[in-house]
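Assemble chain B onto chain S, guided by the hints.
As given, the protein sequences belong to chains S and B, one line each in that order. Sequential numbering from 79 applies to the first sequence in the numbering used here. Sequential numbering from 10 applies to the second sequence in the numbering used here.
Since the hints were made in silico from the structure, they are not lab data. Among the clues, some could well be false.
Unchecked claim - With a Cα cut of at most 30 Å, we get these calculated DSSO-like pairs of lysine-lysine:
(1) S:Lys129 <-> S:Lys148
(2) S:Lys175 <-> B:Lys80
(3) S:Lys129 <-> B:Lys79
(4) S:Lys175 <-> S:Lys129
(5) B:Lys80 <-> B:Lys18
(6) S:Lys148 <-> B:Lys18
(7) S:Lys148 <-> B:Lys80
(8) S:Lys148 <-> B:Lys79
(9) B:Lys18 <-> S:Lys129
(10) B:Lys79 <-> B:Lys66
(11) B:Lys66 <-> S:Lys148
(12) S:Lys180 <-> B:Lys18
As the list claims (entries may be wrong) - From the derived model, a few chain B residues whose C-beta atoms are all more than 10 Å from chain S:
(13) Thr16
(14) Arg20
(15) Lys23
(16) Gln26
(17) Thr63
(18) Glu68
(19) Gln81
(20) Thr95
(21) Ser105
(22) Val124
Fair warning: this is a prediction, and the values are worked out from it, not measured in the lab. Yeah, the Cβ is synthetic: ideal placement off N, Cα and C, and Gly gets one too.
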Amino acid sequence: GQQLNQSPQSMFIQEGEDVSMNCTSSSIFNTWLWYKQEPGEGPVLLIALYKAGELTSNGRLTAQFGITRKDSFLNISASIPSDVGIYFCAGPNRDDKIIFGKGTRLHILP
Amino acid sequence: NAGVTQTPKFRVLKTGQSMTLLCAQDMNHEYMYWYRQDPGMGLRLIHYSVGEGTTAKGEVPDGYNVSRLKKQNFLLGLESAAPSQTSVYFCASSYSRLAGRAYEQYFGPGTRLTVT
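So that you can see chain S by itself, here it is in the shape it has in the complex (with noise of 0.2 Å):
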C-alpha cells in the first residue's frame, strides 16, 4: 500500500541552528500535513499544503509541498529547545484515508 517515508529517523542539533527533514512516497499525494507531537501528547497541526509547489510558513517553520507531488519538505530555523518532539508528515491515501509517516525526532543539545 501507500507508505511516507520520513528522514531522516532522528536528528541531533545545536540550539540556534537550522533543521531540514523530508517526507517521500511513491505515489501521488495531493495534500500535504505537517504535525509535531511532544512527549505525552497528542499530535498538533502545524502546516496543510494544497497545491503543487506551495511554501508555507508558520513562524519560523516553513513547508513545501513538492513540485512533482510525491514529497514535502519541512523547514526550522534558529531551533530553540521547544521545538524538541517528533514530526510527522500526513496525506490522504487512495481511499481518502490520512497515512501518517513514521516521524522524525528531534533532539536539540544545549
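For chain B alone, coordinates are given in the frame of chain S:
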C-alpha cells in the same frame, strides 16, 4: 474551548477484560477518528465516523468496536482485551469534506492502555 478530550488517560487491563474509551469534542466537527500509536509504527487508523450515527473501518479495526450516538462523542470499545492491544490511543476530529478542511485533524491528549 477544550478541543478534543479523552478519558481515561491511563488504564491497565487484564487479558479478556473489556473497556470503553471516551472521546469528546466541542468544535462541532463532523468527522471523528480513533488511532493507535505504537513505537516505530506511527499512527494507524482504527475506525472513523463521518457523522452522528455512522461508523466505518480503518486500517486496523479488528478487536475494536465504535459508536457515535452523539455528534460530539466517539466511543472506542475493546470487548476482550489482548496484550497486542497495548498501545497509546488517540482520538481526533475534523471538519467535513464539504467544509474543505477534512484532512486537518485535531487530536486529543491520548489514552495509554496496557493489557497484561
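Okay, the hints, checked on the actual structure:
no. : hint                  : in the structure
1   : S:Lys129 <-> S:Lys148 : 12 Å, holds
2   : S:Lys175 <-> B:Lys80  : 20 Å, holds
3   : S:Lys129 <-> B:Lys79  : 35 Å, violated
4   : S:Lys175 <-> S:Lys129 : 18 Å, holds
5   : B:Lys80 <-> B:Lys18   : 22 Å, holds
6   : S:Lys148 <-> B:Lys18  : 37 Å, violated
7   : S:Lys148 <-> B:Lys80  : 35 Å, violated
8   : S:Lys148 <-> B:Lys79  : 38 Å, violated
9   : B:Lys18 <-> S:Lys129  : 37 Å, violated
10  : B:Lys79 <-> B:Lys66   : 18 Å, holds
11  : B:Lys66 <-> S:Lys148  : 26 Å, holds
12  : S:Lys180 <-> B:Lys18  : 23 Å, holds
13  : Thr16                 : 14 Å, holds
14  : Arg20                 : 15 Å, holds
15  : Lys23                 : 25 Å, holds
16  : Gln26                 : 25 Å, holds
17  : Thr63                 : 15 Å, holds
18  : Glu68                 : 7 Å, violated
19  : Gln81                 : 17 Å, holds
20  : Thr95                 : 17 Å, holds
21  : Ser105                : 12 Å, holds
22  : Val124                : 20 Å, holds
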